[in-house]
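**Student:** Chain by chain, the residues:
Protein chains: 2
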Amino acid sequence: MTKAGGKQEQHRQDQGKQDKKAQQYGVTPQSVDFNDWYNEVVKKADLADNSPVAGAMVVKPYGSALWENIVRWLDTRFKATGHESLIFPTLIPMGFITKEADHVEGFAPELFTVSKIGTEELSEPYVLRPTSETIIGHMWAGWLNSYRDLPFLHYQWGSVFRAELRTKAFLRTSEFYWHEGHTAHADEAEARAEVRQQLDLYHEFCRNVLALPVVRGEKTASERFAGAVATYSIEGMMRDGKALQSGTSHYLGQNFSRAFDVKFQTREQREEYAHTTSWAISSRIIGAIIMTHGDDFGLIMPPNIAPIQVVVIPVGRKDNFDEMVAEGERLAAELRAQGLSVRVDKRDGVTNGFKYNDWELKGVPVRIELGPRDLEAGVVVVKNRNSEEKETLAREEAVSGMRARLDGIQAWLLERATSFMLDNTVTVDTYQEFQAAIEAGKWVRAFHCGDPESEKQIKDDTKATIRNIPLDDAEFFAEREEGGVCVHTGKPAAYGKRVIFGRQY
Amino acid sequence: MTKAGGKQEQHRQDQGKQDKKAQQYGVTPQSVDFNDWYNEVVKKADLADNSPVAGAMVVKPYGSALWENIVRWLDTRFKATGHESLIFPTLIPMGFITKEADHVEGFAPELFTVSKIGTEELSEPYVLRPTSETIIGHMWAGWLNSYRDLPFLHYQWGSVFRAELRTKAFLRTSEFYWHEGHTAHADEAEARAEVRQQLDLYHEFCRNVLALPVVRGEKTASERFAGAVATYSIEGMMRDGKALQSGTSHYLGQNFSRAFDVKFQTREQREEYAHTTSWAISSRIIGAIIMTHGDDFGLIMPPNIAPIQVVVIPVGRKDNFDEMVAEGERLAAELRAQGLSVRVDKRDGVTNGFKYNDWELKGVPVRIELGPRDLEAGVVVVKNRNSEEKETLAREEAVSGMRARLDGIQAWLLERATSFMLDNTVTVDTYQEFQAAIEAGKWVRAFHCGDPESEKQIKDDTKATIRNIPLDDAEFFAEREEGGVCVHTGKPAAYGKRVIFGRQY
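Chains as they are written, first to last, in our numbering: chain G, 59 to 563; chain Y, 59 to 563.
It should be emphasised that the hints constitute simulated quantities derived from the structure, not laboratory data.
Keep in mind that the hints are not guaranteed to be accurate.
For chains that are exact copies, the list does not tell them apart, and a pair is met inside one copy or across any two.
Stated by the list, open to error - Listed next, the in silico DSSO-like pairs over lysine-lysine satisfying Cα-Cα at most 27 Å (straight line):
#1 K102 <-> K549
#2 K517 <-> K174
#3 K226 <-> K174
#4 K157 <-> K174
#5 K137 <-> K413
#6 K174 <-> K549
#7 K555 <-> K101
#8 K101 <-> K137
#9 K321 <-> K300
#10 K448 <-> K321
#11 K300 <-> K174
#12 K157 <-> K555
#13 K517 <-> K376
#14 K300 <-> K517
#15 K413 <-> K102
#16 K321 <-> K101
#17 K376 <-> K157
#18 K321 <-> K404
#19 K321 <-> K157
#20 K404 <-> K514
#21 K137 <-> K404
#22 K521 <-> K174
#23 K555 <-> K174
#24 K413 <-> K321
Predicted, not measured: the structure shown is a model, and the values here were computed from it.
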């Protein structure tokens, strides 16, 4: 048997072991049906459940704890950069939505309409906000007088509502959760700097906290936010090769400020419309965490955002279980003193094997098993979620090394996801190669002529769209290349570089 | 001039000074029109603004920061007592609301109805949640199997919607903000203990954090939450003598679990309906802070919840303003190192007098003025919001003593509010006295027979209702008194004690 054959065999054995475990555990393997895998993991890991409201989910405690961690990190950074939170109404007068022409065209098919309050039929209905540019523009018009009042650096956390026919928890729900940032500036340069600052913050958050390698770039005109002058996004690759737009930042020019009369007196006593921006990350990002890091055993939570970073499992018999639980709590207290989030699994009606599987499915980064003989020997058994191997370590060593261990898992996740994205992105120059690569579930780097009609045809052919045009200083795929020709039309390439095509969520 | 006359004169002079300041600042004095005072303070202190949506407000940055502090304190305590957050949909199928008979009767006139999504008219409409017992009951039915699953200790933060004809920021808005706690238990005793635990938590929060003396008690049947077996409340007295219900905790018995089939197998293998509770504090509590502590100069924020605890005002001329700002930042950094929230007012387009008034209006507990001569002398000028007096202190002394100073202001606020409540509560035994006291804007302690018809007549006569029946271990008005007769009907008294009557917000 050659060395390569040996590796293949090993891989096959590993795979068999995985399949068996997955079957036993009851999650469909990713390779069998990625969609089923996703839905089962969401439900069995207790992230979310279906609801009796069309298109809406219920976020369960484990999913809510994850979302709260996301909110806390971002909120702290928004405040640190001078942004202020506000709370605007959930309802928006229908007439507001129709004021910005592109905006109404973009959102009309997705709106929830409120036409009755108590027993009173409303002559002018309200909609549940699909986003809040309009009502915020309206309020700003009343608050803004002079250049001295600017910038407005505002954001709010809350729900938004956009009808969805095919629901999928976190990815496509008719009610979802987000922050929406809204800022107003005296000039274009400052507004564009804000747009970029927030895009970069999202990139930092995804990379360093969620271990998601994402590509920063600009959207083409046909993929822009309804009403924007320029839309920037971060795009991540899921383990089925599809792209997930994970955050957006928009330069709105003076479109909304003209529609809502958001003007001010300049230092030179002229009257001028404000330049506005908006930006958002939503609960979709939880879908990105699941689909970037998960495997056939379930979730893998990046340690820097995990609701539970370490789970301690007291392994006892009936006669010493309480004692082992107490020991587990002592161990947990030492870990918590380092600022770690630790859970002790005290359930007594289920087997140890069930517990192990349950926490693997929930993706807790590190598991510690603590049995009576371990206790006597002064050791614990430690297992990282991303490894098959169990380690027996001196108790103190396990405690003192926990932070570094978690950092190691965090780095491993980012590296694996980065390799996966790079390995599954191909550079092509012919439409035949293009179609084959998209069909194979890859991202494609190709030249495009910039014609929206061509983008539409490519989408009709292949279901792929231009995810974005990577920025010149994006971490990935940033290279400028002059003189290319469009992979679809053969016309001269736009943008001065290849763009990223892919199918998307 | 006698001593009493001297005091009176002093009071008159003080009053004149206050009136002048209030006029200059532009807030109507409380004694002239409490309602105008409230609305002006809310707007001028930048807590909230009116919105273009009927009955809804916009919460501005200062109000939002206050609400975030409230959320953070309560959320930490909910989690510390084992409660888990979830996120339920904002929409509820109309059919759910009608399942619990009392519930629909209570909420029907206030519902917002969604009858169209996109272009599709819905055969079964949704309502915007007025509260979430129904949809949570529905979900619980799917999650609950065995007594081992209990208790469910759930809560969520979010908006709720109840139509309001006459809007008043924080107090009566058609959309408001709250947490709603929902728990399910295997038996009545455990459920009732939860109801009491949360009521006591609310009491602790109001007393120790918001400096609001509140009376814990049970509501009479006619004032119960729609669908509850027992409703408990905390009631506070505003500076116009009216009561504000500041938090509620309900024992729902098996009413909602029967309506939504929330049942489980007991340890003895019987099938049983869960005993459920719900509890809430809403954004109304901000109204209580404003109306309990505010004076003719504006808000007074209790230091333990204040978004800004100390404001530093650099007092410079054109040529040294930047230097004084830098000194102010240095001072602020020392205070922040103690965990205090400090703002340096760097605005250069406004006078010092304007700044002083502005921060007094916003109720910042302590102001520090820092001028060039102070700097040379190593002193600062310190003024507490609740005093007319300015103190010149050594810089180090001002810094090292700041926490104690804030604690002193906190204690002073609670003491003042407590005295005010006790001074404005009268104990009466005749209906004539009762009517006179209510008319004079007091709370009344009186016996009542327990007949809902009599409660209704009293309300029609005087606009006063029974705020609550103080608990036997309530901090205030807890005394049991046997043998009383009803102040209204002359029948034997119910409850074994006097109850609290008052007009209410």
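**Student:** So, for every hint listed, does it hold in this structure?
**Tutor:** Now for the hints, and whether the structure bears them out:
no. : hint          : result
1   : K102 <-> K549 : neither (50 Å within a copy, 60 Å between copies)
2   : K517 <-> K174 : neither (40 Å within a copy, 30 Å between copies)
3   : K226 <-> K174 : between (29 Å within a copy, 21 Å between copies)
4   : K157 <-> K174 : both (23 Å within a copy, 21 Å between copies)
5   : K137 <-> K413 : between (40 Å within a copy, 23 Å between copies)
6   : K174 <-> K549 : neither (54 Å within a copy, 45 Å between copies)
7   : K555 <-> K101 : neither (42 Å within a copy, 52 Å between copies)
8   : K101 <-> K137 : between (34 Å within a copy, 23 Å between copies)
9   : K321 <-> K300 : neither (42 Å within a copy, 43 Å between copies)
10  : K448 <-> K321 : neither (64 Å within a copy, 41 Å between copies)
11  : K300 <-> K174 : neither (41 Å within a copy, 33 Å between copies)
12  : K157 <-> K555 : neither (36 Å within a copy, 61 Å between copies)
13  : K517 <-> K376 : neither (61 Å within a copy, 62 Å between copies)
14  : K300 <-> K517 : within (14 Å within a copy, 64 Å between copies)
15  : K413 <-> K102 : within (13 Å within a copy, 56 Å between copies)
16  : K321 <-> K101 : between (49 Å within a copy, 22 Å between copies)
17  : K376 <-> K157 : neither (69 Å within a copy, 45 Å between copies)
18  : K321 <-> K404 : between (61 Å within a copy, 25 Å between copies)
19  : K321 <-> K157 : within (16 Å within a copy, 51 Å between copies)
20  : K404 <-> K514 : neither (56 Å within a copy, 53 Å between copies)
21  : K137 <-> K404 : between (39 Å within a copy, 18 Å between copies)
22  : K521 <-> K174 : neither (40 Å within a copy, 30 Å between copies)
23  : K555 <-> K174 : neither (52 Å within a copy, 45 Å between copies)
24  : K413 <-> K321 : between (60 Å within a copy, 26 Å between copies)
In summary, the structure is inconsistent with hints 1, 2, 6, 7, 9, 10, 11, 12, 13, 17, 20, 22, 23 from the numbered list given earlier, while agreeing with the others.
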